[in-house]
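Asker: These protein sequences, in sequence, are chains X and R.
When we follow this note's numbering, the leftmost residue of the first sequence carries the number 1, and every step to the right adds one.
When we follow this note's numbering, the leftmost residue of the second sequence carries the number 1, and every step to the right adds one.
Quick caveat, the hints were computed from the structure, so don't treat them as lab data.
Careful: at least some of the hints might be erroneous.
Computed list of lysine-lysine pairs in DSBU-like fashion (alpha-carbon distance at most 30 Å, straight line) [what the hints assert, rightly or not]:
(1) 125/R with 16/X
(2) 228/R with 125/R
(3) 84/R with 306/X
(4) 125/X with 306/R
(5) 21/R with 111/X
(6) 306/X with 16/R
(7) 306/X with 228/R
(8) 56/R with 326/X
(9) 71/X with 326/X
(10) 306/X with 326/R
(11) 306/R with 16/X
(12) 16/R with 31/R
(13) 125/X with 185/R
(14) 21/X with 31/R
(15) 31/X with 21/R
(16) 21/X with 123/R
Protein chains: 2
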Amino acid sequence: MQNFDYQTPTRLVFGKGVIEKLPEVMAQFGKRILLTYGGGSIKKIGLYQKVLELLKGYEIVELSGIQPNPKYDPSVLDGVRLCKEHNIDVILAVGGGSVLDCSKAIAAGAKYDGDPWDLISYKVKAQAALPIVDIITLAATGSEYDTYGVISRTETNDKIGYGDPLLYPHTSFLDPVFTFSVSRKQTAAGIADAMNHTMEQYFTADTTLLNDGFCESMLRSLMVNGRKCLENPEEYTARAEMMLACTYGCNGILSLGNSPSGWPCHGIEHALSAYYDITHGEGLAIITPRWMRHILSERTLPRFVKYGINVFGIDPALPEREIAEKAIEETYRFFESIGIPMHLREMGIDSSRLDEMAHHIAVNEGLENAYVPLSEQDIKEILTESL
Amino acid sequence: MQNFDYQTPTRLVFGKGVIEKLPEVMAQFGKRILLTYGGGSIKKIGLYQKVLELLKGYEIVELSGIQPNPKYDPSVLDGVRLCKEHNIDVILAVGGGSVLDCSKAIAAGAKYDGDPWDLISYKVKAQAALPIVDIITLAATGSEYDTYGVISRTETNDKIGYGDPLLYPHTSFLDPVFTFSVSRKQTAAGIADAMNHTMEQYFTADTTLLNDGFCESMLRSLMVNGRKCLENPEEYTARAEMMLACTYGCNGILSLGNSPSGWPCHGIEHALSAYYDITHGEGLAIITPRWMRHILSERTLPRFVKYGINVFGIDPALPEREIAEKAIEETYRFFESIGIPMHLREMGIDSSRLDEMAHHIAVNEGLENAYVPLSEQDIKEILTESL
């Protein structure tokens, strides 16, 4: 078991109607709010109007149009400029992980005099950040309970995950009702995203019975409740359990004391999203079973056997190799069954830039230090299998 | 699924040698420290000396002799007095849950002008508290990662659990090596304590697949690693995993969104400890299987069936009632197998005060609102079965 130093100070306010507590939470900060959101779905579900009503008396500056795979230019740069111009006291992010990730970059950038990319690229350590409150409308990334954000820079094909303890949201509001209207496509991508977050921590060299159990519970819960959300998008308990499970995905609670895994599927998927702007959770679902097949070996066999038995209920009496292969097949079939297109070509990605992407990943993602180290050739093979 | 409002801001610094970070953490507060500890085991393992060496230059006031089931008088009252006399900036609690629980009461009392019992008995809400840092030497209560403390008042046979968000430890140091010398008796009591914390959250009306999985993982991990700790007290990975599991016991992370259970075994055990000053974990181990047998019914059967299959691996093909009864029997046998005396009479408790205790519990512990409501008669029957 490895040493660790862990803290997640974010307050989670969870459940039906909890948004009524927003004024009480916002009263802890000043009067000037940057309200960040995406393409307008929060207006369709009435949340935008509700927020404005609850925050009468505040000076609210808006940054809208934040895209999936949020962009450094214009979103982060615009947000930082608005914060400085309006002397913003607190950011209120309303939306999914992309809005919140973008808001984290803005929060740090607003308190920094130079180019915010210095912070995102870890050239400079942030010294301060604006506080962030969020209202989550999509169960997926876990950004509401972690310190990370992922920002894309189109001109360089960079998609960078950065984090700083300053960037934990102060308070996250999670009302499952706000996720009732999430589309089938985005619901499925959210399931795959949170499942992969869990797998990235589960597949590593040094784990504990406790963490393995937590991860296996996450995966079983996400599969069962994810399916229910797809079958009946307004089933409160299923949406609620999926929402809670997603919050645990990235703040480390599932793997305290585990050895680092390198998050290899994320390393590969970040390039896919950066080059082709695909949906992150879908990219992960495509990569995951190919990566699994690629790393299955005598050394990794026991992990896959445990995974197969405890997550998919595969008969432990079968030969180990068979259990492992079945487990990988089940992983693929599950993602397929929830409607995720399981080939990159279905997203308009062909082989033309695979070499370039494999090289970019090999140079930038540090996957030579992953649970099973991946060379540029390995990455290329995984991408090719995923086509 | 129930609404919840959740936050655990404590920083966990975990692993071999992490105590070296103590000066860096303590530097965030002022120079005057109240060092609290128990009967001197921290001197035997060299931790006391190490702490003093690391904190050269600080003004350190000591409160020692804090007992198991920590006492309001003298420990809490002495601690509060010392804090006020010496204008203490921060409390450093070194020991197990009792030392930390006592320190939480002191932290609140030091910032209150009246009788600290006003706070503990919830007559007055604490408005401020001294910060607390702790170094844990016993894996059991989870006090290092929660906001609760339990304080006993001998003259009234009160043993009260109180909590306030102000009382989360600022930082908890957890080095499993410090638990190597914990006795067989205390190791077993710690296993039982953390297992019961988990069961108190698991046995309730409204749960989730996710929380059930977390709880079942806790129980399996505590049984496997607990046994290893007893067989080989210096096996680092077993001590470490047990230590981590114990931290999750009481801060709610295992049951977010579950319906309240009323923690009935704790309600009953608190009276046993208050009247007879027995070891809390042992009392819980004795009460738990008797309470289980008492509440087994058609209504609770599915919970016990799930528990039996997922925690003890009982054959799901058996009749449900048989699975449930086997599960309760296995619970009893496990506690017995780790050396816990499984009858109250082995602790010198006879029937002479059962009526009085049952009445005290019925009046003070609110068990009419438990998962399965318990009347004074129910409590008396459970105590009688436990003799």
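Asker: Does each hint hold? Answer for all of them.
Answerer: Hint-by-hint comparison with the structure:
1. 125/R with 16/X: holds (28 Å)
2. 228/R with 125/R: violated (43 Å)
3. 84/R with 306/X: Violated. Residue 84/R to residue 306/X sits at ~56 Å, over the 30 Å cutoff.
4. 125/X with 306/R: This hinted pair is violated, its Cα atoms lying about 49 Å apart.
5. 21/R with 111/X: With Cα atoms ~29 Å apart, residue 21/R and residue 111/X stay inside 30 Å; holds.
6. 306/X with 16/R: holds (28 Å)
7. 306/X with 228/R: Within the cut-off at roughly 21 Å; holds.
8. 56/R with 326/X: Between residue 56/R and residue 326/X the Cα gap is close to 60 Å, so the pair fails against 30 Å, i.e. violated.
9. 71/X with 326/X: violated (39 Å)
10. 306/X with 326/R: The hint holds at about 26 Å.
11. 306/R with 16/X: holds (28 Å)
12. 16/R with 31/R: holds (26 Å)
13. 125/X with 185/R: violated (48 Å)
14. 21/X with 31/R: violated (38 Å)
15. 31/X with 21/R: violated (38 Å)
16. 21/X with 123/R: Status holds; Cα separation ~26 Å.
Violated hints for the displayed structure, listed by number in ascending order: 2, 3, 4, 8, 9, 13, 14 and 15.
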